[in-house]
Every structure is written in structure tokens, then in C-alpha cells.
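Q: If you want the building blocks of each chain, they are given just below.
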Amino acid sequence: GNSVTQMEGPVTLSEEAFLTINCTYTATGYPSLFWYVQYPGEGLQLLLKATKADDKGSNKGFEATYRKETTSFHLEKGSVQVSDSAVYFCALSDPNTGRRALTFGSGTRLQVQP
Amino acid sequence: DSGVTQTPKHLITATGQRVTLRCSPRSGDLSVYWYQQSLDQGLQFLIQYYNGEERAKGNILERFSAQQFPDLHSELNLSSLELGDSALYFCASSADTSSYEQYFGPGTRLTVT
Numbered sequence: 001g002n003s004v005t006q007m008e009g010p011v012t013l014s015e016e017a018f019l020t021i022n023c024t025y026t027a028t029g030y031p032s033l034f035w036y037v038q039y040p041g042e043g044l045q046l047l048l049k050a051t052k053a054d055d056k057g058s059n060k061g062f063e064a065t066y067r068k069e070t071t072s073f074h075l076e077k078g079s080v081q082v083s084d085s086a087v088y089f090c091a092l093s094d095p096n097t098g099r100r101a102l103t104f105g106s107g108t109r110l111q112v113q114p
Numbered sequence: 001d002s003g004v005t006q007t008p009k010h011l012i013t014a015t016g017q018r019v020t021l022r023c024s025p026r027s028g029d030l031s032v033y034w035y036q037q038s039l040d041q042g043l044q045f046l047i048q049y050y051n052g053e054e055r056a057k058g059n060i061l062e063r064f065s066a067q068q069f070p071d072l073h074s075e076l077n078l079s080s081l082e083l084g085d086s087a088l089y090f091c092a093s094s095a096d097t098s099s100y101e102q103y104f105g106p107g108t109r110l111t112v113t
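First to last, the protein sequences are chains V and Y.
Residue numbering for the first sequence follows this note's numbering, starting at 1 and increasing by one per position.
Residue numbering for the second sequence follows this note's numbering, starting at 1 and increasing by one per position.
Just chain V, same shape as in the assembly (with noise of 0.2 angstroms):
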């Protein structure tokens, strides 16, 4: 079955460094991947998406790119900021399967520290 494996947390970090949290995945096909990211005690935002290889999906200062090869999609952004505190998700929807729900890593918390 599909699964996406994410790195664990917390991962902590002063302003303005360089994030990475990685992501994998195993799908029977070719998914469309995401993340999300959820604020303290709010609900799941998209924050961006890819649907096929080699699609860079960008918003706010931060970047994945789908990685067939690797089958990976990890999550980046040059310069963070205490504001992006909040637990990341990466997840993917097969297409194969006929069916659209998305399947979730655990998600990784990121701690930014002033």
C-alpha cells in the first residue's frame, strides 16, 4: 500500500536558517504529493503541491520538488522565521488506487528560536 515516511522531530532552529525536512514516499503509481502545515491548535493548510516528476511546488519562501527517482519530495526554505513554527505534513494521493484521500507522514515539528 502507499506510505510516506517523514523525518522525526522536533526539528529546532535559530532564525533565518536553512530548513530541510525530508520526505519519502511508496505509491503503486504516480501520486501527486503535498505538505501541509498545521498551526497551534488550527486545522491543516496546503502549503504546496506537485502532481508529476520534476515539478517544483513554491509558496512563501518554500520549495519541494518531486523526486520520481529518489521518490522523494522534501521540504525547504532559505531563511525561517519564529512565525513558521508549526508541524509539517507530507502527503500523497494516488491516482492508481481510484481513490483521492490523502495518505500522511507523522509529521515534524519545527521549533524556530528568536
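Treat the hints as calculated values from the structure; they're not laboratory data.
A couple of the hints might just be wrong.
[Claimed, not checked] Here's a subset of chain Y near chain V, in silico, CB distances under 7 angstroms, partners left out: (1) F45; (2) G52; (3) N59; (4) F64; (5) E101; (6) G105; (7) G107.
Predicted model, so just to flag it, every value in this text is computed and none were measured.
We put the CB at the ideal spot given by N, CA and C, even for glycine.
Please arrange chain Y on chain V, whose structure you already have, making use of the hints.
A: Relative to the frame of chain V, chain Y by itself:
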């Protein structure tokens, strides 16, 4: 604000009871998904409805059921509640575009005592 609304925000109830969670999708979205977020299981897909019909099932217990009404709002019914059902329940909606992106509501936090 995603445009997806969920009520109530918090719910506290006793074991053995039954509760109903409500979700209104974004305007124009036909598909509604329910997810459960718990500390031990993470985020898990429960069930999907599309334009009033059940489309897909995930790890949904037999004690749980859902429906989507003609106005496209959806309800998740949880019965014979157990302590382990305590979790955050999210509703998400999508327009069923080719990219499958979903927009999440703020969630209902259920506490079973």
C-alpha cells in the same frame, strides 16, 4: 480561512454515548473527506463522500458512519464511544480537480471521558 466550517469546535462526552460532527464544504466543492488525528495513529482517512454518495472508505470503525446531504454538508456519527475515540476530527473538501488538493476545516476536538 479555508472556507470549510466544522461544528462543534469541542465536544466532551462519556463512554457509550453517541455524537454527531458537522461539516460544511467550501462553496462549489462536491467532495467531502473525514480524517481522524490522534497521538498514536497520526492522521488517518476515514471516509469520502462525493455529491451525496459514498466514494471511498478508509480505516473507519463500524461504530462510525457518515452521510452527505443534498446541500452538500456532511455529518460524521460516532456511536458507542470509547476512550480511544478521543481525537481531532477533520473534514476536508475538494472540487475534485486533477491535482486532488483538499482544504481542511478547523477540526472538532472530541474528548471521551
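Q: Classify the hint on Y/G105 as holds or violated, based on whether any CB of chain V lies nearer than 7 angstroms to its CB.
A: 6 angstroms, holds
Q: Verify the interface restraint on Y/F64: the C-beta must sit less than 7 angstroms from at least one C-beta of chain V.
A: Because about 15 angstroms separates Y/F64 from the closest Cβ in chain V, which is outside the 7 angstroms limit, the hint is violated.
Q: Taking the least C-beta to C-beta distance, is Y/F45 closer than 7 angstroms to chain V?
A: 4 angstroms, holds
Q: Should the interface hint for Y/G52 be scored as holding, given a Cβ-Cβ cut-off of 7 angstroms against chain V?
A: With a closest approach of 16 angstroms, the Y/G52 hint is violated.
Q: Interface hint check: Y/E101, Cβ to nearest Cβ on chain V, cutoff 7 angstroms. Holds or violated?
A: 6 angstroms, holds
Q: Holds or violated: is the Cβ of Y/N59 closer than 7 angstroms to a Cβ in chain V?
A: 10 angstroms, violated
Q: Can you verify the interface hint for Y/G107: is its Cβ closer than 7 angstroms to any Cβ in chain V?
A: 5 angstroms, holds
Checked against the numbered hints above, the structure violates hints 2, 3, 4; every other hint is satisfied.
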